[in-house]
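Undergrad: The listed protein sequences correspond, in order, to chains A and B.
Residues 0 to 275 in numbering that gives the first Met the number 0 are what the first sequence lists, from first letter to last.
Residues 0 to 275 in numbering that gives the first Met the number 0 are what the second sequence lists, from first letter to last.
Just so you know, the hints here were simulated from the structure itself, not pulled from any lab data.
A couple of the hints might just be wrong.
[What the hints assert, rightly or not] Straight line, CA to CA, 20 Å or less: simulated EDC-like cross-link-like pairs of lysine to aspartate or glutamate:
| # | chain 1 | residue 1 | chain 2 | residue 2 |
| --- | --- | --- | --- | --- |
| 1 | B | K126 | A | D85 |
| 2 | B | K55 | A | E157 |
| 3 | B | K174 | A | E157 |
| 4 | B | K174 | B | E157 |
| 5 | A | K115 | A | E51 |
| 6 | A | K174 | B | E67 |
| 7 | A | K126 | B | E157 |
[Said to hold, decoys possible] Listed below are several chain B residues computed to face chain A (Cβ distance under 8 Å; list not exhaustive):
| # | residue |
| --- | --- |
| 8 | K48 |
| 9 | L150 |
| 10 | G153 |
| 11 | L154 |
| 12 | G158 |
| 13 | E161 |
| 14 | E163 |
| 15 | I164 |
| 16 | E166 |
| 17 | K174 |
| 18 | L176 |
| 19 | A178 |
| 20 | E217 |
| 21 | T218 |
| 22 | N221 |
| 23 | K224 |
Cβ atoms here follow ideal geometry from the backbone N, Cα and C, with glycine treated the same way.
Number of protein chains: 2
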Amino acid sequence: MSVNKCDQPIGVFDSGVGGLTVLRALQDLLPHENFLYLGDTARVPYGTKSAESVIKYALQAGGALVREGIKMLVVACNTASAVSIDSLTAAYNPLPVVGVVKPGAEAACLASKNGKIAVIATESTVKGGAYQGTICSMHSSAKIIAKACPLFVGLAEEGWTEGEIVEAIAARYLKPLFAEFGKEGPDTLVLGCTHFPVLRGAIAKVAGDKITLVDSAETTANTVKRILTELSLINSSDAAGRLSFLATDSAERFAAVGSAFLGVEINSEDVRSIDL
Amino acid sequence: MSVNKCDQPIGVFDSGVGGLTVLRALQDLLPHENFLYLGDTARVPYGTKSAESVIKYALQAGGALVREGIKMLVVACNTASAVSIDSLTAAYNPLPVVGVVKPGAEAACLASKNGKIAVIATESTVKGGAYQGTICSMHSSAKIIAKACPLFVGLAEEGWTEGEIVEAIAARYLKPLFAEFGKEGPDTLVLGCTHFPVLRGAIAKVAGDKITLVDSAETTANTVKRILTELSLINSSDAAGRLSFLATDSAERFAAVGSAFLGVEINSEDVRSIDL
């Protein structure tokens, strides 16, 4: 493998800004890697759209990143991972393609002792059944119930991340979900949408201290590191990695909304607008 | 004008299903007209996207309706009306193009006695300033304050239209908005997004009985009737008008979510999927 190849960025794709929580975990674990993040902000959200539309959009976004020259593609969007990972893997073979669903499912199986796992996600992710199927394939006796919580996305984007309103909404979504498991409730709750970790405090308060919250950002970063190592694609540079952004809607809005998700200020001059 | 022309449908365009509240008002007033409704459900919502993207999408949607053969274009989406009405009018001249912002602004000016008018809408509609500008041009001494209420869209789509949660969210948006007017508050509140009339009960409860709620569905229908009459384009048939739908995302989802907004069941077989 040439030095040049290792120096290529890792492409990270999301429907909008939510995947920046995954990018943050990737940067923490792999500080010398270069990253090129694409947010399809002109067509966000994917979570309420059909599988056909999401696959089409994912292939357009993946294609744009591949044309920029990337050494790996990370699908940092649960909905896109859930419905389009096979199409993306086939389209860009032999490029390694990593989604967030499988690492999240693995983390849930590791965390759960009683095998009762609740999953909250977008409508499309729940309908696609990817979490349910992936967890089942790893832990065949697990009882998994998934529920769509679309208002959590709006709350995260509005910045209403704590207080009475978000707790009331969390209770309205989660209490009936937990009750569906019967007398002994779930011990694990998968945050199956990259927006949801922003509301972790309120969700944890409603879930109580007997339920472990799992999100896929950290486990996805571990998977990416393992695959880069196996393929000898780790960047050997000692310098801090470069970070660049592409957005399909305006650069200003991406920078303004995205900063809260990435945890550091994004300068709109570092964001390039593209048309897919 | 030939009989054939009058028989053509009125094209109604919205970013998704919210415009079906406008279609309902149009059907009530003009029961013999044929309507062709296009919901750009693959890219909904427009309200959080840049003006450039919204104009591009509106021209693609308008173009698709014009190619189907329509006698008038109604832009039943506040965001698209607010930012793209001039582009659409120029592109399809001499086709009459009617938006929802001007009729809504007119209704607000008629309703207000004290000239203090509050407007709630999506982020893009508020930022574009179309309501503020249009009301000002009709009522130069009016005091207008507009505020984005993006979570109302999610609540309407989730069907959480009444009860404590929606009232708490309405209070959090509206009370600071009303307070901005000073000691004597507004007497008129414009529901500047087609999703908001679905939450009218909860909004009215927070606003109290001194504030008149205005939405543009009915006034837009009156404007459409007036223009059709002036242009001798009224359909003289005595039969009930035909209704057909186009959606850019799946027909099934359009039918399922849209029925609540239209007020009657939509059969997914009456919805044709198109790509813009």
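Undergrad: Hint by hint, work out which the structure violates, then give me just those numbers in ascending order.
TA: When the structure is compared with the hints, numbers 1, 2, 4, 5, 6, 12, 13, 16, 17, 18, 19, 20, 21, 22 and 23 turn out to be violated.
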